[in-house]
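Now for the letters of each chain:
2 protein chains.
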Amino acid sequence: MKPYVIGVDLGGTNTVFGIVDKDGNIIAEDSIKTQKYATAEEFVDAGVECLNGVISRVGGLENIQGMGIGAPNGNYYNGTIEFAPNLSWGHTGVVPLAKMFSEKLGGLGVKLTNDANAAAMGEMAYGVAQGMKNFIVITLGTGVGSGIVVNGQLVYGHDAFAGELGHVIMVRGKEGRKCGCGRTGCLEAYCSATGVARTAREILANTDRPSLLREKPAEEIESLDVSIAAGKGDAVAQEIFDFTGKMLGEACADFTAFSSPEAYIFFGGLCRAGELIMKPIRESYEASVLPIFRGKAKFLISGLMDKNAAVLGASALGWEA
Amino acid sequence: MKPYVIGVDLGGTNTVFGIVDKDGNIIAEDSIKTQKYATAEEFVDAGVECLNGVISRVGGLENIQGMGIGAPNGNYYNGTIEFAPNLSWGHTGVVPLAKMFSEKLGGLGVKLTNDANAAAMGEMAYGVAQGMKNFIVITLGTGVGSGIVVNGQLVYGHDAFAGELGHVIMVRGKEGRKCGCGRTGCLEAYCSATGVARTAREILANTDRPSLLREKPAEEIESLDVSIAAGKGDAVAQEIFDFTGKMLGEACADFTAFSSPEAYIFFGGLCRAGELIMKPIRESYEASVLPIFRGKAKFLISGLMDKNAAVLGASALGWEA
Chain A
7 MKPYVIGVDL GGTNTVFGIV DKDGNIIAED SIKTQKYATA EEFVDAGVEC
57 LNGVISRVGG LENIQGMGIG APNGNYYNGT IEFAPNLSWG HTGVVPLAKM
107 FSEKLGGLGV KLTNDANAAA MGEMAYGVAQ GMKNFIVITL GTGVGSGIVV
157 NGQLVYGHDA FAGELGHVIM VRGKEGRKCG CGRTGCLEAY CSATGVARTA
207 REILANTDRP SLLREKPAEE IESLDVSIAA GKGDAVAQEI FDFTGKMLGE
257 ACADFTAFSS PEAYIFFGGL CRAGELIMKP IRESYEASVL PIFRGKAKFL
307 ISGLMDKNAA VLGASALGWE A
Chain B
7 MKPYVIGVDL GGTNTVFGIV DKDGNIIAED SIKTQKYATA EEFVDAGVEC
57 LNGVISRVGG LENIQGMGIG APNGNYYNGT IEFAPNLSWG HTGVVPLAKM
107 FSEKLGGLGV KLTNDANAAA MGEMAYGVAQ GMKNFIVITL GTGVGSGIVV
157 NGQLVYGHDA FAGELGHVIM VRGKEGRKCG CGRTGCLEAY CSATGVARTA
207 REILANTDRP SLLREKPAEE IESLDVSIAA GKGDAVAQEI FDFTGKMLGE
257 ACADFTAFSS PEAYIFFGGL CRAGELIMKP IRESYEASVL PIFRGKAKFL
307 ISGLMDKNAA VLGASALGWE A
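Those protein sequence lines, which keep their order, are chains A and B.
Count along the first sequence starting at 1, add 6, and that's the number in this note's numbering.
Count along the second sequence starting at 1, add 6, and that's the number in this note's numbering.
This is chain A alone, in the form it adopts within the complex (with noise of 0.2 Å):
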């Protein structure tokens, strides 16, 4: 095994090339912007240049085992990037991006897959999944995504698409929130970020209770304005967290009856607000399962949030290439 590897995270801004050793520890890294390119050549053109030197920082390409990417829409089986509605240079079809980077890099092994499926990898290398072999990852930001490792693995499905736990149905029928997916009630409408700003401004408009929130005008409202709030103790924002935490307990539940994991690991801005959050997941959790669950599963928040986890969880992919 050579000591070095690549990760790649290929956001809708920039896309960062890191260097990474076997303990995840970030040794080099260069950035470009990922839309200044017309074509997916020339940002793979782009992107070598820089990765070129980056990899002379570490004696060349005979010291890298392989190239991990993590990419909206990616697809672990093909390598490539399909119909990524946030890539000027991705959105109209299939990028085989990792076939691409592995020519123009001497043949080197190149894996790829989306951010989520990343973190999990990112935190069975070198995070708090260290050693587990069933364990799910669930980043609640933007939108709520995870990735689900069964015996060690990393559960693609058939189709590479699978581990999209922010679609499962948590309200059915007609009182279901919208979603950005075009359907109805799904976890991740009312668990991601956006959706606990969405709670908030539901609970501000519907009653007159008092809160710091409404220091703010109610549309202007962010997930992190809740966090600050209830930190303070404003009961209104306590209660969206216990809301938020309730429904991921329980969403949970039925997780566990899928794959009974030995942990739950959260990821993203929404855990900074740590117990305020983690509690009420807890104790819904503890309160729904299945009998036989009870008691077994960890609650964990990510041990990568502090470093670059997006370059780090894509790295761990380039020990497989």
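These are computed hints drawn from the structure, not numbers from a lab.
As the structure is a computational prediction, the values presented were derived from the model and not from experiment.
Just to be clear, a hint being listed does not mean it is correct.
Because identical chains cannot be distinguished in the list, a pair is counted as satisfied if it fits within a single copy or across any two copies.
As the list claims (entries may be wrong) - Mimicking DSS-like on lysine-lysine, the simulated pairs with C-alpha atoms at most 30 Å apart in a straight line are:
1. Lys304 - Lys180
2. Lys105 - Lys238
3. Lys252 - Lys184
4. Lys139 - Lys304
5. Lys184 - Lys302
6. Lys139 - Lys302
7. Lys302 - Lys180
8. Lys302 - Lys105
9. Lys110 - Lys304
We have chain A; now place chain B onto it with these hints.
Showing chain B alone in chain A's frame:
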């Protein structure tokens, strides 16, 4: 690889021992009464005596690769039966059944799992899931059971009890039907054979619609009666299948967000209703599932339903023992 395996179907009434070849043919078979014995030791002694008879018919133990047991509350990791409520010699503790049989069979490899997981192994070895790496078997019997295969492996989870898809919550809150597990709103409370009979009784009690189902006292209605009536064109009976299939389809849509299987394979008496149940399942699934998954999953009926599926399923474990 030796030419035969032993499959054991440990049921509440009979325990059947079968010798199975690589093509899934049961070559020899015999059985004992499960509950005739005061202790697990006596049960195993009687089982081994019975087994010696069938083993001698295929040339002795040297032709046996391994043995698989399908049993209620079976723990695959430990080879134990744990607090099985319906077994006179197994309800008060943990019985190391795999080890006990192995010791009396010259150290033969013995694996043990629960019935629904055995069914999934059987479909993969000899049934409609041959060659599949990702699929879910759903058993519609007295309860709703499941066996989940991901990356070609059974999903046992951290504690060996994963795959309890009959106990995901389909109706949240107070309106949920009471389930045998002590909670409310589980899939099993609606879509098991007993759930279907209950749906029938509810519709008959709450409406005065004419139905062939009224020919029997309501408390005696079984799911088979609903199948027969629906087959004769009874509108109420067909509506019961539509209701049941719709919920199963919605549940499968959530399961796909988890593991995106190539196929759902249904097993059990309710499937004998054929398209009466399969059509609403498919239609509800396609209407409910996240758009990227539409049209991808197959909905199949078990290939082992007219064979001794429980013995075959358990025997499939013998190949890996």
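Structure-based check of each hint:
In this assembly of identical chains, the alpha carbons of Lys304 and Lys180 lie at most 30 Å apart only when taken from different copies (28 Å versus 34 Å within one copy). For the homomeric pair Lys105 and Lys238, neither the shortest alpha-carbon distance inside one copy (51 Å) nor that between copies (58 Å) is at most 30 Å. In this homomeric assembly, Lys252 and Lys184 come within 30 Å of each other (Cα to Cα) both inside a single copy, at 19 Å, and across copies, at 21 Å. For the homomeric pair Lys139 and Lys304, the shortest alpha-carbon distances inside one copy (13 Å) and between copies (29 Å) are both at most 30 Å.
With identical chains, the CA atoms of Lys184 and Lys302 are at most 30 Å apart between copies only, with a shortest distance of 24 Å across copies and 34 Å within one. In this assembly of identical chains, the alpha carbons of Lys139 and Lys302 lie at most 30 Å apart whether taken from the same copy (15 Å) or from different copies (28 Å). Only between protomers do Lys302 and Lys180 lie at most 30 Å apart by alpha-carbon distance; the minimum there is 26 Å, versus 35 Å within a single protomer. Within a single copy, Lys302 and Lys105 get their C-alpha atoms only as close as 42 Å, which misses the 30 Å cut-off; across copies the closest is 26 Å, which meets it.
With identical chains, the CA atoms of Lys110 and Lys304 are never at most 30 Å apart, being 43 Å at best within one copy and 39 Å at best between copies.
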